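All chains should be modelled from the sequences, with the hints used to inform the complete structure.
2 protein chains.
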Amino acid sequence: MRISELSRRSGVPTATIKFYLREGLVPPGRATSATQAEYDETHLRRLRLVRALISARGLSVSATKEIVGSLGEVEGDTYELLGLVFGVWPGAGGGAEVAPDPDVDALIAELGWDITEFSPARETLTRTLDTLRGLGVPYDWRTLLPYARLAERTAVLDLDQIEGPEDPLEKAERAVLLTYLLEPALLALRRLAQESEAAARYRDQPYG
Amino acid sequence: MRISELSRRSGVPTATIKFYLREGLVPPGRATSATQAEYDETHLRRLRLVRALISARGLSVSATKEIVGSLGEVEGDTYELLGLVFGVWPGAGGGAEVAPDPDVDALIAELGWDITEFSPARETLTRTLDTLRGLGVPYDWRTLLPYARLAERTAVLDLDQIEGPEDPLEKAERAVLLTYLLEPALLALRRLAQESEAAARYRDQPYG
Chain A
210 MRISELSRRS
220 GVPTATIKFY
230 LREGLVPPGR
240 ATSATQAEYD
250 ETHLRRLRLV
260 RALISARGLS
270 VSATKEIVGS
280 LGEVEGDTYE
290 LLGLVFGVWP
300 GAGGGAEVAP
310 DPDVDALIAE
320 LGWDITEFSP
330 ARETLTRTLD
340 TLRGLGVPYD
350 WRTLLPYARL
360 AERTAVLDLD
370 QIEGPEDPLE
380 KAERAVLLTY
390 LLEPALLALR
400 RLAQESEAAA
410 RYRDQPYG
Chain B
210 MRISELSRRS
220 GVPTATIKFY
230 LREGLVPPGR
240 ATSATQAEYD
250 ETHLRRLRLV
260 RALISARGLS
270 VSATKEIVGS
280 LGEVEGDTYE
290 LLGLVFGVWP
300 GAGGGAEVAP
310 DPDVDALIAE
320 LGWDITEFSP
330 ARETLTRTLD
340 TLRGLGVPYD
350 WRTLLPYARL
360 AERTAVLDLD
370 QIEGPEDPLE
380 KAERAVLLTY
390 LLEPALLALR
400 RLAQESEAAA
410 RYRDQPYG
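Taken in order, these protein sequences are the chains called A and B.
Mind the numbering: the first sequence is residues 210 to 417 in the numbering used here, read in order.
Mind the numbering: the second sequence is residues 210 to 417 in the numbering used here, read in order.
Hints listed in this document are in silico derivations from the structure and should not be mistaken for laboratory results.
Quick caveat: nothing in here was measured; it's all calculated off a predicted structure.
Some hints here could point you the wrong way.
As the list claims (entries may be wrong) - Pair by pair, the computed Cβ-Cβ distance ranges are: (1) M210(B) with V270(A): 46 to 52 Å; (2) E275(A) with D286(B): 41 to 47 Å; (3) E379(A) with G281(B): 47 to 53 Å; (4) P355(A) with Q245(B): 44 to 50 Å; (5) E214(B) with G321(A): 44 to 50 Å; (6) R362(A) with G321(B): 19 to 25 Å.
A virtual CB, placed ideally from N, CA and C, is assigned to each residue, including glycine.
Here's what the structure looks like:
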């Protein structure tokens with residue numbers, strides 16, 4: 210299809226598509242003349258993905274570039290592709306050096322989780338534990354353990370939902386969507402559940 | 210204590226404390242002369258809370274102001290205080306009008322959750338469902354239901370951790386800390402669990 214049809218079917222203006230093409234967020238089409246290119250369903254899918262991350266999820270162009278860039282690095286192998294998706298953690302570390310944390314290592318060992326040595330999410334856990342301890346809130350890996358057990362079950366729900374597509378790249382794109390778009394929803398569910406739990410525990414409770 | 214001791218005990222520079230006082234993030238001390246004021250443990254605790262939200266969690270001064278501002282609105286009633294903490298959702302909606310969503314209402318009814326009509330987290334769920342559906346990912350409240358069940362159990366863990374302090378304001382401050390500081394950690398745990406689950410499902414799997 211031509212860029213005009215790509216625009217019509219995705220609802221993304223042509224000028225925006227051209228910007229995404231220049232930024233490398235969407236792969237180039239197949240050139241059919243000096244000024245025209247042909248696009249297919251893979252371009253449409255990628256365009257929707259980029260649009261969702263930027264407009265709906267509110268990620269920056271550079272964070273989005275990092276995520277979709279990882280999709281182009283490995284082809285065909287579902288495990289490698291998903292590893293890239295789940296390993297990318299925009300805005301969390303920015304490459305800062307964080308020393309290995311015995312608490313985080315102990316947590317992962319206890320869970321028996323199979324993850325790479327360097328995963329930016331480890332740094333996030335280390336920083337959270339450091340901050341809470343600095344504030345006098347007693348926190349170690351044992352406090353995180355029940356949360357991690359619930360995260361395990363969340364991940365099973367997540368992975369179940371990408372069983373559909375056969376194509377590893379399509380699977381990885383679906384994983385990007387669910388991982389990033391569900392984040393605000395999962396935090397919102399926690400907030401609502403807290404509100405409900407607080408009502409059950411404290412409403413109409415006599416206080417001094 | 211004087212502002213210099215408040216600075217020493219919190220590790221926050223005096224100039225920063227004065228900025229927080231001007232912005233209303235920390236309540237004023239008790240004036241002891243035209244130029245001096247006396248601070249106590251409640252100031253120290255509030256200062257650590259503000260510092261954690263801004264420095265560790267990366268929230269803006271205005272988002273932090275909104276959160277700690279809610280703590281000052283209701284005094285004494287744990288349920289009211291926690292409602293304010295869990296109801297505040299910085300950066301999620303910005304006051305945009307969102308029509309009631311039958312899917313979100315159905316989800317909450319199914320769960321039997323006890324929450325107020327207007328909770329900004331509802332809007333977050335509506336937007337997520339709209340976005341996923343717009344991308345052709347089939348999503349309705351039934352898909353969110355198992356995630357919501359896990360969120361319920363997360364909220365129980367959260368509320369258990371604020372059982373300690375007797376003072377409702379201290380309880381609410383602890384709730385703010387855990388709610389906001391744990392968010393990145395919970396998302397990081399999900400990411401690590403996804404990585405491990407992906408390894409279990411797809412590593413060494415033959416592919417074409």
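Review point. Which hint numbers does the structure go against, in order from smallest to largest?
Key: none
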